[in-house]
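K.L.:
Chains as they are written, first to last, in my numbering: chain A, 1 to 131; chain B, 1 to 131.
Note that these hints are calculated values from the structure, not bench results. Mixed in with the good hints, there may be bad ones.
If chains are identical, the list can't say which one is meant, so a pair holds when it fits in one copy or spans any two.
For lysine-lysine, the following DSBU-like pairs were computed, each having C-alpha atoms within a straight-line distance of at most 35 Å [what the hints assert, rightly or not]: (1) Lys-117 <-> Lys-21; (2) Lys-21 <-> Lys-6; (3) Lys-6 <-> Lys-94; (4) Lys-64 <-> Lys-33; (5) Lys-64 <-> Lys-117; (6) Lys-64 <-> Lys-6; (7) Lys-13 <-> Lys-3; (8) Lys-3 <-> Lys-64.
Number of protein chains: 2
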Amino acid sequence: MLKELKVKDVMTKGVITVEPKEDVVFAFEKLMKHRVSSLPVMDGEMLVGIVTATDLGHNLILDKYELGTTVDQVMIKDVVCVNPEDDLVTAVRKMNQHGNEEGIINQLVVIEDHQIKGIVSDGDIIRVIGV
Amino acid sequence: MLKELKVKDVMTKGVITVEPKEDVVFAFEKLMKHRVSSLPVMDGEMLVGIVTATDLGHNLILDKYELGTTVDQVMIKDVVCVNPEDDLVTAVRKMNQHGNEEGIINQLVVIEDHQIKGIVSDGDIIRVIGV
Chain A
1 MLKELKVKDV MTKGVITVEP KEDVVFAFEK LMKHRVSSLP VMDGEMLVGI
51 VTATDLGHNL ILDKYELGTT VDQVMIKDVV CVNPEDDLVT AVRKMNQHGN
101 EEGIINQLVV IEDHQIKGIV SDGDIIRVIG V
Chain B
1 MLKELKVKDV MTKGVITVEP KEDVVFAFEK LMKHRVSSLP VMDGEMLVGI
51 VTATDLGHNL ILDKYELGTT VDQVMIKDVV CVNPEDDLVT AVRKMNQHGN
101 EEGIINQLVV IEDHQIKGIV SDGDIIRVIG V
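Just chain A, with the same shape it has in the complex (with noise of 0.2 Å):
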């Protein structure tokens, strides 16, 4: 069924994102007030990196940023995505290929004609899975 279904049919669209130049206190804001995991960071209409709760939050929390420190000296460069019309086999093994031991990337930009369409994450693919 995963190899059925194409990534526009599951992906969240109208995709929330930040500026490089923001703060790093103001992205985590930013991803808590919108209740999501990941933040893609566009400079104008390119996507040059990615922001994760995660990573923002542990690091806010133990103190290790310097103040003022903005999004682009800690976002991730090499930001993992996909193609609307790829399956869903594909986004499973991207998720799983450029994660690590500690786990897999749980959300994949989706780009088009080098145009942000939407996020994949794996929660959207374990809901198809369970309809």
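Assemble the complex: chain A is given as a structure, and chain B must be docked to it using the hints.
P.N.:
Same frame as chain A, now just chain B:
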């Protein structure tokens, strides 16, 4: 394949928990420090609730809790549990059945003989699908 694998094969053991009378700020810091997305609330040996990073973070950032709010005042009391011997189809079904339009239940507490044995997340399941 999800039918052949059991919850105990993929769950995380050594669960980090919190006590009912702890302050919500302490609980949130614990979530962030350990990079986990939920904490089962244990009154001694008994599971009495669960708190999530999404809920606590959202309400703390938006200043929705009164000073001194404790975990038991805000925890989800209806904890969704599975047994270590349940297969993963059962786990996926529970994640979906107990979710709502906002999303699935991302983490299930694993209980056997009234004792907490682990936590199984949507990511744990995506990991074995991707193998």
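K.L.:
Could you work out which of the previously given hints the structure breaks and list their numbers from low to high?
P.N.:
6 and 8
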